[in-house]
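Colleague: Now for the letters of each chain:
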Amino acid sequence: MARRARSVPNTGWLLAGLAAVLLLIAVGGYFLGSGRTPYRTMPEFPVEEYLATSSTLRGNSYRLEGAVLNSIAWSPEAGRLISVQPSGSETPIPIVLPATLPEANVQKGQRFHFQVEVRESGIIYATGLTKS
Amino acid sequence: MSTRLSILLALLATPLTAAGQEGFTSIPPGGETAEAAPAPAAEPATGPRNPTIAGLEVPVFDPANDSVTWNGQLWQVDNNRLFRARFEKYLNAPATEITAQAAYDRVIAQIMDLLAAGKISNRNLDEAFKLLPRAASHEEDANLCDSIANQVLGAWQARRQMERLSAANRSLEDDRKRHEWNTRLSLQGSKLNPAPKNPVAAAEWAKDRELERTARLQPHAQRLSEVNALLNANRAKSELSALQSRIEFQALLVQLFIQRRFRHVLIGTRFYRSIFDDGDNQIRLGEESKSVFAKLADIPPTVTSLDTFSNEAIRDVKEAVAAVNFLLEKDELQSASLRLGEAFGIGEHLPEIHQFPRPDRQRILEFTRRANQLLSALEVKDYTRAEQLVAELQETAKDFDPSQPLTAVQTARNVSRMHLARARNAALSGDAEVLERELRAATEIWPNNPDLADVSGQIFEQTDVQQQALLELDRLMEQGDHRAIFRQSAKFIAAAALNPERQEKLGTILAQMTEIEGALQRAREIQQRGDAAGAWESIQIAAVKYPEDNEINRLRADLASGGAATFVQSLSKGDDLAALGEYGAALAWYLDAHRQYPPSTFAQEKIDALATRILPGSSPAAP
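Sequence order for the protein chains is C and P.
Residues in the first sequence are numbered from 1 upward in steps of one, following my numbering.
Residues in the second sequence are numbered from 1001 upward in steps of one, following my numbering.
Do not rely on the hints blindly, as some may be mistaken.
[What the hints assert, rightly or not] DMTMM-like, lysine to aspartate or glutamate: derived pairs with alpha carbons at most 20 Å apart:
{"hint": "1", "chain 1": "P", "residue 1": "K1119", "chain 2": "P", "residue 2": "E1140"}
{"hint": "2", "chain 1": "C", "residue 1": "K108", "chain 2": "P", "residue 2": "E1478"}
{"hint": "3", "chain 1": "P", "residue 1": "K1573", "chain 2": "C", "residue 2": "E49"}
{"hint": "4", "chain 1": "P", "residue 1": "K1573", "chain 2": "C", "residue 2": "E44"}
[Claimed, not checked] Covered stretches of chain C, as calculated for chain P (at least 3 residues, CB under 8 Å):
{"hint": "5", "segment": "15–21"}
{"hint": "6", "segment": "117–127"}
Hints in this document: simulated from the structure, not taken from any laboratory.
We put the beta carbon where it would ideally sit given N, CA and C, even for glycine.
All chains should be modelled from the sequences, with the hints used to inform the complete structure.
Modeller: This is the structure in structure tokens:
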């Protein structure tokens, strides 16, 4: 007796479905992830350039992510000066956290997203920060 | 014997002193002859004065120590340059001179033989007189025989003059007698013409007769008076002529005696006695000169005494020469030399001395030269040479006594060494005044002392080294090469010990160098532990204080280009940016340096400084 052929799903359709799922995952991930990175519209802080010629960066704003290395100085009026280890660089960068900046617990080893601005004398001031 | 000898030597010393007073060497009053000093300056005589002749002091010989007292000083007879020179000249006389003297001696001997006491006669006197010019033709005679011949001739002429005066006096005597006779006859008057009887006429006649007698008597009386005056004048002239001739002859004899021409004295006395045969031999030299003889020998000065002294001197010389020959046979050259020297001093002009064999003279000359060299060496204080000469003399002469010169040498050596030891100590202690004084004293005592040269050399070398060290110190200070000074600190400390200014500068330099060396040592130790950045920081602190030190700079450069390169580079970049006012970036570099070397004080200080600048009024925050 002839066997009745079983119904086999179309392979093309399977592959297309798989690709669509993957695409959805990727797009979702993109949107979900970018939603957690602050100041993403700002350019990343050019560490090497800053170390070489900081005067050319004066007046610019950047975003910078890094780990807090040390608290160097503190003044109730002027704020706090910390050293930050930027991602992708070994050279610590000093950042002034002005007293006017919304209070945030900055502790050694914590990672932050900083919105920074290079001001007079090449001093980097944080204009915003968010914990990573 | 010694008294007579003293007279002889006292007299013979006169021409020597007159000829070369400065040639004498004096000896101390004690008679010690170890050190012969130069002739002293004239000093007032404190003791009894010697007798004088014609105002000149006569030296008096003291046979006890072979010395002559003269001009207030004591002189060694056989130890003076003049005598030594004459004696050496005699000993070194060439053979031709000895031969010539032999011919002369033969003529003199011939004259003396003719005038010998047993042979004297008018014929021998004439023969001897004829030989005098022959003797005078010899150089050795010094024309003394001519002087004798002239004196004899003068005496003979004086004698003939006296004879002529005697003949004249005899004629005058006859004339006087004739006039006395005539006077007597004139006084007696004529008996052929008697007086008249008339008293008046008789008176007139007597008066005429008296006038007539007076007229006859007057020429005879006048002539008689003249003759008497002439006679008296001739007698006085004769006596004066005889006395003058005698005194001149005596003066010649005394002069010959003083000149030690004893054979000439004998020749002269023989002629003298033949001419002045009245037995009056007394020498008329004046009271002062007579006293010379009286004081020296307590005898009256006569021609006979001169004759006797001369004979005795000749005999003494013969005996001395015989003794010299005997001593030479026994190789006792010192005694032979002394005896021959004494004989030469007395009988320099006698045949025994003239004919003394030349080979024997040479032997004595060799010894005498060395002895004289020894005396000279002692005089100039060349004691090394004196020692050599003493050794040579001991080999040559069996009787040479080295004790006196060796004692002088040893004494001088000891005293000189004592002064040298003091000089050495003074040099070590840096007492320049004592050093100079002791060196001078040592030099004066023994100028050629070999130890003196060594010690002086050492001292001068030491002084030279010290001076060179000070010059080098000054040069290094000027160059700022303190490390070189530090490496030779011991030398420079010693050299600058007497120089407070240099000493202070040197002290400062050495303190700095000690600090630098400490920093270097610490840096090297840190480096050896593998902490290059720490080593660099350690040496950088010293480099800031002593930027000129080469060693610091070298080590710092090594570290900056080696193990601590990135650390130093971070600090350096931070400094550069800080200098440009880029405090933010500068702080970043300092933080980088601190990251590389967390114990870094340099990085921490710079971080703190910039933190204060960036956040005025801030305080270091706890991390």
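Colleague: Are the hints correct? Go through all of them and say.
Modeller: Going through the hints against the structure:
1. For the proposed pair K1119 (chain P) and E1140 (chain P), the alpha carbon gap of about 27 Å is over 20 Å, so the pair is violated.
2. Straight-line distance between C-alpha atoms of K108 (chain C) and E1478 (chain P) comes to about 56 Å, which puts the hinted pair past the 20 Å bound.
3. Taken as a hint, the K1573 (chain P) and E49 (chain C) pair is honoured in the structure, with Cα atoms around 14 Å apart against an allowance of 20 Å.
4. Under the criterion of a C-alpha separation no larger than 20 Å, the hint pairing K1573 (chain P) with E44 (chain C) is inconsistent with the structure, at around 24 Å.
5. For the segment 15–21 of chain C, the assignment as covered by chain P is violated, since 0 residues bring a beta-carbon within under 8 Å of that chain's beta-carbons and 3 are needed.
6. Only residues whose beta carbon comes within less than 8 Å of a beta carbon in chain P count, and the segment 117–127 of chain C has 5; three or more means the coverage holds.
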